[in-house]
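Asks: Top to bottom, those sequences are chains P and W. First residue of the first sequence? That's 0 in numbering that gives the first Met the number 0, and the numbers climb one at a time after it. First residue of the second sequence? That's 0 in numbering that gives the first Met the number 0, and the numbers climb one at a time after it.
Possibly wrong hints are sitting among the right ones.
[What the hints assert, rightly or not] According to the in silico footprint, chain W covers these stretches of chain P (three or more CB under 8 Å from chain W): (1) 363-377; (2) 385-394.
[As the list claims (entries may be wrong)] The following label-pair restraints were derived from C-beta to C-beta distances: (3) D347(W) with V295(P): 34 to 42 Å; (4) D293(W) with E172(P): 56 to 64 Å; (5) S350(W) with L215(P): 42 to 50 Å; (6) V96(W) with S408(P): 44 to 52 Å; (7) I15(P) with H506(W): 13 to 21 Å; (8) L167(P) with D347(W): 56 to 64 Å; (9) S165(P) with D347(W): 32 to 40 Å; (10) G410(P) with Q81(W): 51 to 59 Å; (11) R378(P) with Q81(W): 55 to 63 Å; (12) S351(W) with G410(P): 35 to 43 Å.
For the record, the hints were derived by calculation from the structure and aren't laboratory data. Even glycine gets a Cβ: it sits at the ideal position worked out from N, Cα and C.
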Amino acid sequence: MTARPGLDRRTFLTAIAAGGASVLLSATEGTAWAARPVKERTRVYVLVVDGCRPDEISATLTPRLAELRAAGTTFPAARSLPVMETIPNHVMMMTGVRPDRSGVPANAVYDRAEGVIRDLDRPNDLRFPTIIERLNERGRTTGTVLSKQYLYGIFGERATYRWEPSPLVPITEHAPDAATVDALIAMVDGPDPDLVFANLGDVDRVGHSDLTGTTLQAARSAALLSTDLQVGRFVDRLVASGKWSSSILIVTADHSMDWSIPTNVISITQLLNGSPELKAGTVIAQNGGADLLYWVGAADRRDAALAEISTIVAAHPGVLEIRSPAELRLGPEAGDLIATCRAGWRFSDPAVVSNPIPGNHGHPATEPIPFFVSGGSPRVRRATSSSAQARTIDIAPTVGSLFSLRTPSGGYDGSVRSEAFVA
Amino acid sequence: MVLSSRRDVLRGAGLATLAGAAGGLASGTVTVTAKPNATPSSTGFLHGVASGDPLPDGVVIWTRVTPTPTSAPGSGTGPDVQVTWQVSADDRFRRVVAKGATITSATRDHTVSVDVRGLAPYTTYWYRFEVGGQASPIGRTRTAPATGAAVASVTAGVVSCANWQAGAFSAYRHLGDRDDLDVVLHLGDYLYEYAPGEYQARDVVVRPHDPPRETTQLEHYRRRHAQYKTDPDLQRLHARVPFVVTWDDHESANDAWSAGAENHDPSTEGSWTSRRAAAARAYAEWMPVRFGLDGRLYRRLGFGSLLSVSMLDLRSYRDQQASSPVDPGVDDATRTITGSEQMEWLLDCLSSSDVQWKIIGNPVMITPVRFPSTLSMTELAAVRQLTGGTGIDGVPYNVDQWDGYTADRHRVIRHLRDRAIADTVFLTGDIHSAWACDIPADPLTYPVSGASVATEFVCTSVTSDNLDDILRVPPRSASLAVESAFRAANPHVKHLDFDSHGYSVVHVTPAALRMDWFALDERTDPASPARLSTSWIVDAGTQRVRRA
């Protein structure tokens with residue numbers, strides 16, 4: 000591997016991955032590319048198998064993940080948090096606070112200042128300090144290996160070492176897991192940070208488009224099998240490089256996945272057709288199984304209009320519930336109302352053909368996630384299950400505790416999952 | 000459960016010689032092999048002690064005193080007496096942690112029920128009562144773990160359908176021999192209302208009911224409860240382990256619903272309202288249950304963060320059973336098995352995030368079960384007698400179960416699915432057979448998708464007749480083909496044993512819930528051994544059963 004200065008205030012490291020491909024990592028200018036020699040290190044790897052359902056991890060379909068889960072401490076009651084989308088849950092993992100404190104409630108929001116619906120993919124969308132920055136402040140090193148372009152966007156250059164996802168699959172804008180794990184291995188072989196936050200996107204991306212999702216889940220199963228091989232490759236590398244005995248793996252997902260047939264589609268835009276005022280005064284940020292509704296009409300009509308919208312939308316058989324952002328601790332960025340669908344349904348706005356993908360998340364049916372702590376570190380509690388309802392928001396406090404970090408100002412909203420570690 | 004037309008058949012036959020079964024099955028002669036229990040001739044604590052409904056800080060302790068020889072159960076006579084009670088942290092009562100006194104009288108049939116509070120969580124206690132210098136047997140009980148506390152495991156006995164006339168309560172003896180039970184879940188049909196000769200072990204009345212008639216009035220129900228609590232095996236189990244109970248139909252009358260019962264004739268037996276009130280009052284008096292304050296039997300008990308037990312009452316609020324599985328009423332959205340308040344409460348119990356395993360004490364099966372098309376006429380008739388269904392190919396087989404109230408079942412399944420609620424297990428009685436089932440999100444796509452929202456384990460009967468008894472064949476012979484046909488027609492039914500009697504033990508950890516079924520060699524033998532017949536597991540988060 001070779002380090003070279005960049006054109007901006009970054010330096011780059013080109014590593015050769017196992018398959019011969021080169022992996023480009025970046026760091027802030029002046030950062031050392033070799034790990035500091037420390038006697039008794041703890042290495043923490045947070046691996047997010049994006050969109051994985053807990054019941055998809057099995058000895059037959061995902062033997063390596065199942066093996067890791069059995070060897071460590073698992074939380075079978077674990078849940079994702081609203082809105083069950085990728086960006087907010089990755090942010091919750093790294094901040095330990097709910098969206099009303101981080102500013103990141105969903106993937107897509109209506110930006111009132113700019114007057115557009117957009118992804119929350121800018122570094123300054125995230126208002127709360129992440130565990131990444133806080134570890135850096137304490138002299139630790141961190142790394143991000145995030146397969147999705149918008150995740151790379153929001154976490155930006157916070158980590159000491161970053162990998163910009165490449166090559167990107169067209170449309171999905173994510174890097175295949177094989178490339179992501181190449182980068183992960185290069186990151187660990189090279190600068191070897193104390194914490195690496197990695198997202199594997201194949202299971203989610205294939206799940207979204209799996210037309211057999213409601214029955215066979217053929218493509219999805221193939222993706223699970225493939226991702227499991229990649230996770231196994233990373234574990235094997237940790238073992239081969241002698242890092243396993245100091246490694247703690249926190250494996251989880253940001254949400255799960257639910258499939259709908261083409262007839263089970265809710266278009267709130269169409270539901271509001273009967274009222275030109277309501278239709279014109281409502282902007283919808285679509286998040287798969289959740290629609291965020293923003294009232295942009297006359298201010299003095301706001302309360303009455305939202306009440307009318309709630310009544311109209313709630314009457315649809317596919318709608319599960321309408322909640323306020325405050326109830327879900329989502330903050331003002333989430334708008335005025337959150338509509339979620341029942342299992343087996345999806346939202347599609349503005350038209351019923353706008354969201355053709357069968358696999359969606361964002362609604363409560365997609366809350367369950369795998370969540371387990373494994374690895375070779377003697378700190379990991381072996382072969383245990385806990386009834387505690389672990390949540391994505393628990394990861395930052397747990398990682399902070401492993402590195403003896405103080406709680407952030409105002410405290411965490413999540414909890415340290417101490418059940419997973421020996422006292 | 001449905002014992003359809005049994006009563007009609009028996010009415011015509013009298014008690015000496017009774018037709019055995021409907022549908023062309025072999026008939027037989029009922030034989031009474033024992034005398035009714037003599038009226039208690041002594042005084043004191045003749046019906047044992049019991050405890051129930053453990054909370055983290057309390058438990059109900061129960062007994063019945065007989066202050067004078069004539070103060071027999073149901074007699075309505077006898078003096079008011081003061082009964083003192085003690086709860087101790089040791090079995091020699093050196094560390095008494097709670098004590099008190101209460102007055103009981105003929106008004107409550109001289110039963111005593113104390114809801115002791117101020118106890119420590121997850122702690123074993125001993126308790127006893129005293130009246131007039133006479134001490135009761137010593138009972139042992141255990142409080143529940145603290146709310147939210149991590150709990151490594153909970154083990155519970157699971158029983159239902161104990162017909163005194165059909166055999167001995169060996170199942171209770173075997174449970175009483177164990178020392179690992181935190182609680183016993185009794186899922187209903189703790190007793191039966193029938194007169195001697197109306198319902199027994201095939202044609203043999205192993206021991207006749209007291210009073211020697213069908214229970215229809217308060218006195219009858221009190222005496223029936225009292226008789227059951229003279230059984231030594233049941234007394235011993237009550238004294239060793241706290242019970243959590245709910246009723247099914249036979250605590251009042253067969254196929255009870257909110258305004259009547261199959262086994263109730265208002266023209267000769269008075270109003271259903273009176274009869275039901277009598278049955279409920281006797282139940283509240285004689286069972287160690289926190290029941291009566293608000294008239295609600297359905298309730299939820301927590302065991303730390305590991306599990307909750309929500310006990311359902313599926314008799315008090317339900318609409319009348321549909322006339323048959325093809326009656327359009329089966330799918331009528333306005334018909335209910337739970338009642339609206341209990342349904343809301345149940346859905347809340349299921350979506351509560353404070354515990355991992357949501358165990359539902361469910362008196363009748365919720366898994367959809369459809370009749371196979373390959374049964375012989377004899378087999379069809381026998382299953383029909385066991386379940387009360389019609390036996391029409393492809394239709395639900397039992398309208399007394401949730402199958403007869405599909406709108407309510409849909410509400411439950413949709414709630415589980417919409418909220419992706421994990422680790423819900425229905426523990427069920429009623430049907431005198433052992434089942435392990437996935438509860439499909441959609442039975443039509445289940446064979447391909449395998450999508451399951453919850454699971455159900457059904458314990459068999461302690462003594463009550465099942466398929467081999469109705470077919471009059473040896474156990475595990477003719478029933479095997481019937482079971483295979485049911486499994487083939489219902490791929491989500493993974494295990495079915497239509498023959499065995501006995502009990503179950505459920506063992507719950509954060510990783511899995513396992514149920515063991517124990518079968519008695521001979522239900523009429525008070526010394527019958529029991530053997531493990533099968534074990535099934537639900538791994539956490541899977542909503543699927545698998546053979547252990």
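Asks: Taking the numbered hints from earlier one at a time, note which ones the structure violates and give those numbers from smallest to largest.
Replies: Numbers 5, 7, 8, 9 and 12 - these are the hints that the structure violates, sorted from lowest upward.
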